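There are 4 protein chains.
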Amino acid sequence: MVVDSISSPTLGETRTYTVLLPRNYDQNPDKRYPVLYLLHGIMDTNEGWYRNGRVKSVMDKLVESGEVCEMIVVTPNAGGNIYEGVWNGYFNMPGWPYEDFFFNEFLPHIESRYRVIGDRAHRAIGGLSMGGGGSTIYGQRHPDMFCAVYAMSALMDLDANGGLPSYGQEKMKIFNRTVREYSTIDFVRRANDETREKLRSIAWFVDCGDDDVLFDVDIAFYQTMRDAGIPCQLRVRDGAHNWEYWNTALYTALPYFTRAFTKETYNQSK
Amino acid sequence: MVVDSISSPTLGETRTYTVLLPRNYDQNPDKRYPVLYLLHGIMDTNEGWYRNGRVKSVMDKLVESGEVCEMIVVTPNAGGNIYEGVWNGYFNMPGWPYEDFFFNEFLPHIESRYRVIGDRAHRAIGGLSMGGGGSTIYGQRHPDMFCAVYAMSALMDLDANGGLPSYGQEKMKIFNRTVREYSTIDFVRRANDETREKLRSIAWFVDCGDDDVLFDVDIAFYQTMRDAGIPCQLRVRDGAHNWEYWNTALYTALPYFTRAFTKETYNQSK
Amino acid sequence: MVVDSISSPTLGETRTYTVLLPRNYDQNPDKRYPVLYLLHGIMDTNEGWYRNGRVKSVMDKLVESGEVCEMIVVTPNAGGNIYEGVWNGYFNMPGWPYEDFFFNEFLPHIESRYRVIGDRAHRAIGGLSMGGGGSTIYGQRHPDMFCAVYAMSALMDLDANGGLPSYGQEKMKIFNRTVREYSTIDFVRRANDETREKLRSIAWFVDCGDDDVLFDVDIAFYQTMRDAGIPCQLRVRDGAHNWEYWNTALYTALPYFTRAFTKETYNQSK
Amino acid sequence: MVVDSISSPTLGETRTYTVLLPRNYDQNPDKRYPVLYLLHGIMDTNEGWYRNGRVKSVMDKLVESGEVCEMIVVTPNAGGNIYEGVWNGYFNMPGWPYEDFFFNEFLPHIESRYRVIGDRAHRAIGGLSMGGGGSTIYGQRHPDMFCAVYAMSALMDLDANGGLPSYGQEKMKIFNRTVREYSTIDFVRRANDETREKLRSIAWFVDCGDDDVLFDVDIAFYQTMRDAGIPCQLRVRDGAHNWEYWNTALYTALPYFTRAFTKETYNQSK
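For the protein sequence lines, the chains are A, B, C and D, in the order given.
Every number in my numbering is 3 more than the matching position in the first sequence, counting from 1.
Every number in my numbering is 3 more than the matching position in the second sequence, counting from 1.
Every number in my numbering is 3 more than the matching position in the third sequence, counting from 1.
Every number in my numbering is 3 more than the matching position in the fourth sequence, counting from 1.
Keep in mind the hints are simulated off the structure, nothing from the lab.
The structure presented is a predicted model; accordingly, all values stated were derived computationally and were not measured.
One should not assume that every hint holds.
Any copy will do: because identical chains look the same in the list, a pair fits if it lies in one copy or spans two.
Cross-link-like lysine-lysine pairs, in silico, DSBU-like; alpha carbons within 35 Å at most [what the hints assert, rightly or not]:
| no. | residue 1 | residue 2 |
| --- | --- | --- |
| 1 | Lys201 | Lys174 |
| 2 | Lys34 | Lys59 |
| 3 | Lys174 | Lys266 |
| 4 | Lys201 | Lys176 |
| 5 | Lys201 | Lys266 |
| 6 | Lys176 | Lys266 |
| 7 | Lys34 | Lys201 |
| 8 | Lys59 | Lys266 |
| 9 | Lys59 | Lys174 |
| 10 | Lys201 | Lys59 |
| 11 | Lys174 | Lys34 |
| 12 | Lys176 | Lys34 |
| 13 | Lys34 | Lys266 |
Looking at chain A on its own, in the form it has when it is part of the complex (with noise of 0.2 Å):
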């Protein structure tokens, strides 16, 4: 596992990142592997993954047991304590143009640092409440970059009157807004059939336990999927907002980040 950081000239500052490489990295310098951005939610840094999601506790027993590939992991950071004046998030806000920076400079620096096959095919993106949204707003925006999205307890829209609590908090207020702005589900709505036609060459898949306070929007935007005829995966499994879920989500997610890999190449290959 590397904590390492990136300087920014778009955010004008410098940004830490986590990246977990396959066990023989190493001893395999020609080797290339899929790459999976996993993302963090609100409050939170490139650190929640790998301290609480145990990511790497779950990688090893799971390539160990032939269900999972080896792929590298990398968590940008995209957050911290935003009440204390910290911007989060994964799209463009008025001061923090982080969707420009993570497609101009964080990607392209992590995939000529490391060993990544660098194809759309072995390219995915994951990531839990912001970071569900987060993920899925890239699939939707960026549907050449990658080829499965899960979305955990995702924060996929926002009612009127719903998100945390600004208590004056300027970026908070700003960070509200414009999850509504980027609306996932709006965006499935509008898609006309070229868009959709785009979605449907990404597998995705829906994660959110029955008592999180997400799981409206999660619901809605499976639904919307579906009714667009977008083939999307759902699973409501017993929980809530919390690390459990999300750790235990794993155990899905890799496997069918796995397959998602694969898949591409197998029938590429044939």
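Dock chains B, C and D against the given chain A, drawing on the hints supplied.
The following block gives chains B, C and D in isolation, referenced to the frame of chain A:
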């Protein structure tokens, strides 16, 4: 497993039913058991759960492992091939007063003939599709009778144009119309405080596949329950409207009923 | 699903078999698929896996969700009621050269008749009980033919006094004796370095219930494999020697085979 | 969650412990609860189960869904860094009479301080590794005290040359030797009819990963129990000797304890 029948003055005909007795039922002539009414779907009869659902195999396994308590399972026959003019349905319809038959004749017949404990705390109901809707309606209209309801792929309601086609079959038209009249969702919406309080005394569980044709009404039921402050579990697993889903649902349903049966006793005894 | 038959000079009789083809097999006349040989148990025939094991339902569900790749499933008939004088068994016995039939006649027949990819990397074998033992023996004696073996409740070996009673039936006596001669455990123990290396090229999986009568030999096989340094997965779930166990085993087995098929392609293609 | 300590005359020192109380413990001042003693492994302390095992998260979730009854969970501290000269172990050793402390001082202290029901039918024990062995030994030597034992990755016995290296640390040598003296397998083998009958009154469960270093002794224990006619459940899941395995084990263990607690009450009450 016993297949027997009851002559019903209410329905004006003889109806078959199936009873699955605990393995050592005969060796324990003084022992009384909880009872589960397990309802089949439209076009099916009392045999489905035993032939396709393999209730006996699953029950034997889970009782042996201690996950499930011994219970008596009872499946009435409320169906058959509706297009051949056979009535289907658990509620009262003009010409088919099945709900009256169930509570006034069938249930008393079973509970005097077999050694059930016979109180609400040890009586539960569940079922699939039409039987999932039936279980929910019976729970709603007779909350003093059941401690738990488990609805699988449940016909909770029907859109104006939804339902199986009638193909000119009058009984099918009546059935579809009656499902709307007995909407389980409207029931919750219209429930006053007293009724809601009664509904809270039941343990509710909804289990529906992400590819089920009845997905939307099952989700709507769950959301209405949650918004009414009536605790209800929801699980969405992979699958559609078929026996593979319902057979595997038993692994959750039977421990769930067990927990309901023992919870009540457990609380009473302290 | 196709039920067909093959006339065997080796066995001197005609044998039936069942083939489960991918849903869109006919619409994709140029596409070739991986093949899974799925073996039945003693006293059973090619029909068991489809009637009681519900392979088609499970396959449809898991293919739709993306967890399983499309494949052709083939079940030969190597049994029937042995007490009525019908031969059972996958190995060669005096008077029943089934292994010869399988590799010289049956497999070539299938693989010329159906569009299989036809290399080792896309051919796997699995089975239950006698067919779990058969799968393992075939993997051991023909490691160049299969990339993966999944053995359920497998007849890996037999104690001196074990096995079904013969009731004077000679074919049963021969069967029991031959199981001991083809002990899968002794095979691993006696394997030299070269053979062990070949065995390591196969993905092995053993799945056996805690109440299975064959539990001890399955565990002994796993321990022998592990001690010989040959990677092998083991799962012990709740259950005994019955269809409820084998039906639910498919939820692990089919993704496991998928992973094996795509892993090989995946590695070859890079 | 309460972290507290007890001064022990027997051990001649003060020992910490952790207690997890039901969510509404304070609001129900007259209610009494079942109690689960949950034991940690070697080199660990009372904090492990709460920090790495996330007992509280899992408990909250399963209580909310109704799968688990409210209970009090108690973890004593029987360890720490043994290489720094700290005693580890649940049995009596020369210089470390922990079993005496547990039954004569610790358990009475807890059960007078917290509102436990206090009878055998509502007292269970479980644990991981050293604590899985400890749970089993306590169940064997005090069968009148516990209704259920759940042993994870359990140190059931030790080969002549097995165990952690001593690195000259005397306490480690004593520990390894004592594990052999308290072999849970020998205990069952040597048990006379009366003892076996007592062991049958406990619900036993063994849960051990296929890659666990203690796999062989856990299997041997299960086989010995089965051969002695003492019902015992076994599950082998994917995994090794680590927290990811033990955290996920709670999803089976807590409902299992619940079933044991309510079963006893349930049977008593009828």
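Self-check item: Homomeric proximity label, Lys201 with Lys266: Cα distance no greater than 35 Å
Solution: Answer is both: 18 Å inside a copy and 27 Å across each meet the 35 Å cutoff.
Exercise. Could you figure out if Lys201 and Lys174 sit no more than 35 Å apart (CA to CA) within one copy, between two copies, both or neither?
Key: Answer is within; shortest intra-copy Cα gap is 33 Å, inter-copy 45 Å.
Quiz prompt | Alpha-carbon proximity context of Lys34 and Lys201, limit 35 Å | solution = both (30 Å within a copy, 24 Å between copies)
Self-check item: Status of Lys174 relative to Lys59 across identical chains (alpha carbons, at most 35 Å)
Solution: both (32 Å within a copy, 33 Å between copies)
Exercise. Evaluate Lys176 and Lys266 at a C-alpha cut-off of 35 Å and name the case that applies: within, between, both or neither.
Key: Cα proximity of Lys176 and Lys266: none, with 42 Å in one copy and 46 Å across.
Quiz prompt | Lys59 and Lys266: within-copy, between-copy, both or neither at 35 Å Cα | solution = The answer is both: 24 Å in one copy and 21 Å across copies each meet 35 Å.
Quiz prompt | Up to 35 Å CA-CA - Lys266 versus Lys174, copy category | solution = Answer is neither: 41 Å inside a copy and 46 Å across each miss the 35 Å cutoff.
Exercise. At 35 Å max between alpha carbons, let me know whether Lys174 reaches Lys34 within a copy, between copies, both or neither.
Key: For Lys174 and Lys34, the Cα distance exceeds 35 Å both inside one copy (42 Å) and across copies (47 Å).
Practice problem: State whether the alpha carbon distance between Lys201 and Lys176 is at most 35 Å within one copy, between copies, both, or neither. | Solution: Only inside one copy: Lys201 and Lys176 sit 32 Å apart there, 42 Å across copies, limit 35 Å.
Quiz item: Is it within, between, both or neither when you check Lys34 against Lys266 at 35 Å Cα-Cα?
Solution: both (19 Å within a copy, 15 Å between copies)
Quiz prompt | Within, between, both or neither: Lys34, Lys59 at alpha-carbon 35 Å | solution = Intra 20 Å, inter 38 Å, cutoff 35 Å: intra-copy only.
Quiz item: Between Lys201 and Lys59, at a C-alpha cutoff of 35 Å, which is it: within one copy, between copies, both, or neither?
Solution: Answer is both; intra-copy 32 Å and inter-copy 31 Å each pass.
The structure shown violates the earlier hints numbered 3, 6, 11, 12.
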